[in-house]
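Based on the sequences and whatever the hints tell you, model everything.
Protein chains in written order, with the working numbering: chain D, 706 to 954; chain P, 5 to 331.
Check the hints yourself; a few may be wrong.
Unchecked claim - Partner residues aside, some chain P positions facing chain D, computed with beta carbon under 8 Å:
no.: 1; residue: L196
no.: 2; residue: S199
no.: 3; residue: R214
no.: 4; residue: E216
no.: 5; residue: A218
no.: 6; residue: V223
no.: 7; residue: L225
As the list claims (entries may be wrong) - Once the Cα atoms are required to be at most 25 Å apart in a straight line, the calculated SDA-like pairs of lysine to any residue come out as:
no.: 8; chain 1: D; residue 1: K826; chain 2: P; residue 2: E327
no.: 9; chain 1: P; residue 1: K316; chain 2: D; residue 2: M849
no.: 10; chain 1: D; residue 1: K826; chain 2: P; residue 2: R195
no.: 11; chain 1: D; residue 1: K873; chain 2: P; residue 2: P212
no.: 12; chain 1: D; residue 1: K873; chain 2: D; residue 2: G894
no.: 13; chain 1: P; residue 1: K316; chain 2: D; residue 2: E853
no.: 14; chain 1: D; residue 1: K871; chain 2: D; residue 2: V825
no.: 15; chain 1: D; residue 1: K871; chain 2: P; residue 2: D221
no.: 16; chain 1: D; residue 1: K826; chain 2: P; residue 2: K316
Stated by the list, open to error - One side only, chain P facing chain D, incomplete, derived with CB under 10 Å:
no.: 17; residue: R164
no.: 18; residue: R195
no.: 19; residue: G198
no.: 20; residue: A207
no.: 21; residue: Q210
no.: 22; residue: V213
no.: 23; residue: V215
no.: 24; residue: L220
no.: 25; residue: V232
The set of hints was computed from the structure by calculation and includes no laboratory data.
No residue lacks a Cβ here, since even glycine has one placed at the ideal position from N, Cα and C.
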Amino acid sequence: MTDAVLQTSGISKSFGALRASRDISIDLKPGEIHAIIGPNGAGKSTLIGQICGTLRPDAGSVRLLGKDVTHQPTRARARAGLGRTFQISSLAMEDTVLQNVLLGALGASGRPWRFFTNVVKDTSLRETAEEALDRVGLLDQARMRTAELSHGQRRQLEVAVALTQKPKALVMDEPMAGMGSEGSKLLTGFLDQLRHEAPILLVEHDMDAVFSLADRISVLVYGEVIATGTVDEIRANAAVKEAYLGDEA
Amino acid sequence: MIRERYLNALTLALFVAIPFWAITADEPFTITLMTRAVVFAIAAVGLNIALGLGGLVSLGHAVFFGLGGYAMGILAYHAQNYTPLTEWPFLIEGTKSMPVIWLVAVVVSALAALVIGILSLRTAGVYFIMITLAFGQMFFFFAISWAEYGGEDGLSIYVRNGFPGLNTLDPIQFYGLCLGLLCLVLLFAWRLSGSPFGLALNAARQVPVRVETAGLDPVRLKLVAFVVSGAITGLAGALFADLNRFVSPTMFSWQTSGEIMIFIIIGGVGRLFGPVIGALVFVALEHWLGALSDFWHIYLGLLLLVIVLFGKGGLIGMLCGREAVHD
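Set out below in structure tokens:
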């Protein structure tokens, strides 16, 4: 068995009486897409927060590339190779599309303390930035203001910013949310290729996308992983059917 | 709509043409007024780096303006009395040299900004405003009670400090010196906004979580911006003291902080020339409306209301529309 790129061991998190994460142990192996599904309020966002470093677990640990990062802040995890896309687009709306990807490239370069050089004319940053835009098909929009992009294009830009960081693992929070069927079909194809570059922990409500992409699925209900397995195993799982999938599957 | 760069060029042209006219028309007071506008503009360009780029609403920039002023006041006071600042642990004497005074003003302001920034940036929003305001008041009351340097009465410096090769007592030469510094500071602010640091700071204002996810520390970016910002405002304070040949605790007052912010709001927050246009308009209003009525601040208030309600980007926003996308 290959070593996990990303791994949580028994992480728990409570908000007062609400136990949002209960002893969650999941992992992400090289080359795979591991989908996390669950009804609203199941604790998916809390789980992502703990993996990415915005929330600190009450117990348990998070390991990235074999190293314990439980007590490291978000930016340290990012520098170590953890890429992330947000459920609600978190982009600098006043800036251009290019500036947003440049920010990702700048973060990856780790050299923001330059006060006099022109960032747009920095060849190495710009190459990384434009390559990422090209891959998601936004190169023609590079000089547009981000606020002028359509919802779907903003989702693509989210992915592009994550790509500039050359991530070793990706955490994607509902990348398909609010996209048209055409858009999510394109993105599905893109993620399918991307898994070979960086494995993806995918939180998604779009079940078509999940079932066509995921190598493994974990089902989260009331802060607890009730099942982990391949698509077929999850479809066949009685507990999952009862808790979540209902007649859909 | 006028293009912003033409408006900027026109503003700079005014800063050259008006004093030129003042010499030929023998109106030295106009030169003093213009120097006042230039010095205010430098202070506000400084604040604009924190406020416009970093989104840090600091109501405590009078601290740096005042520190710059007192750096000049204290050094020049000891030089004119031929007394040393201190003899222990080693002898430090006063000075009448502007470059040395500027250096001290910038370094002291930067250090103060570092300490205030580290403490204030633990908070955000209204709390940040209140903490910076509180620091301003601390320095204000400290200056009032510091009897050795004039306390409430402040310090008078009888002869303007010197700059190598210039006669600073000649109003136009001192004006030229200040204008030169303003141009340098503007050049710095312009390069900064297009630099990697500027890009990251700009994003840290809008979406700190994104900056953090990119592997950078938004708080540290804002802290550096605050220090740079304070240092520039400190430089302006030293010039302001030299313009008036007088320093007093008023430089530390929260009204001073408010005025520096008002320059930016009048001109346009985050716009390169916003502070410059704002300071010019403010000084003009202060002069003309001040001659009409002691209560000229009422009219200033009305102007501010109109600008804030109807033109979000200040005068530049009203004349030029939104900021063009950077190349």
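**Report entry** Satisfaction of hint between M849/D and K316/P, Cα-Cα up to 25 Å
**Finding:** holds (22 Å)
Report task. Take the C-alpha atoms of K871/D and V825/D, compute the straight-line distance between them, and say whether it is at most 25 Å. Result -> holds (19 Å)
Query - Satisfaction of the R195/P interface hint, Cβ to chain D closer than 10 Å - result: holds (5 Å)
Query raised in the report: With 8 Å as the cut and Cβ atoms as the points, is R214/P at the interface with chain D?
Result: For R214/P, the interface hint holds, since the closest Cβ of chain D sits about 5 Å away, which is under 8 Å.
**Report entry** Proposed interface contact between V215/P and chain D, which counts if any beta carbon pair is under 10 Å
**Finding:** Constraint on V215/P satisfied, holds at 7 Å.
Query raised in the report: If you take the shortest Cβ to Cβ gap from E216/P to chain D, is it below 8 Å?
Result: holds (5 Å)
Query raised in the report: Should the hint that V213/P touches chain D count as held when the rule is a Cβ pair under 10 Å?
Result: Interface hint status for V213/P: holds (5 Å vs cutoff 10 Å).
Query raised in the report: Is the shortest C-beta separation between V223/P and chain D less than 8 Å?
Result: violated (10 Å)
Query raised in the report: Under the criterion that the straight-line Cα-Cα distance not exceed 25 Å, is the pair K316/P, E853/D satisfied?
Result: Measuring from Cα to Cα gives roughly 19 Å; hence the hint holds.
Query raised in the report: Is the interface hint for A207/P satisfied, with its Cβ closer than 10 Å to some Cβ of chain D?
Result: holds (5 Å)
Report task. Could you grab the alpha-carbon distance between K873/D and G894/D and see if it respects the 25 Å cut-off? Result -> holds (19 Å)
Requested in this report: With a cut-off of 10 Å on the beta carbons, see whether V232/P makes it to chain D.
Outcome: Holds. Min distance 8 Å.
The structure is inconsistent with the numbered hints 6, 16, 17, although it conforms to all the rest.
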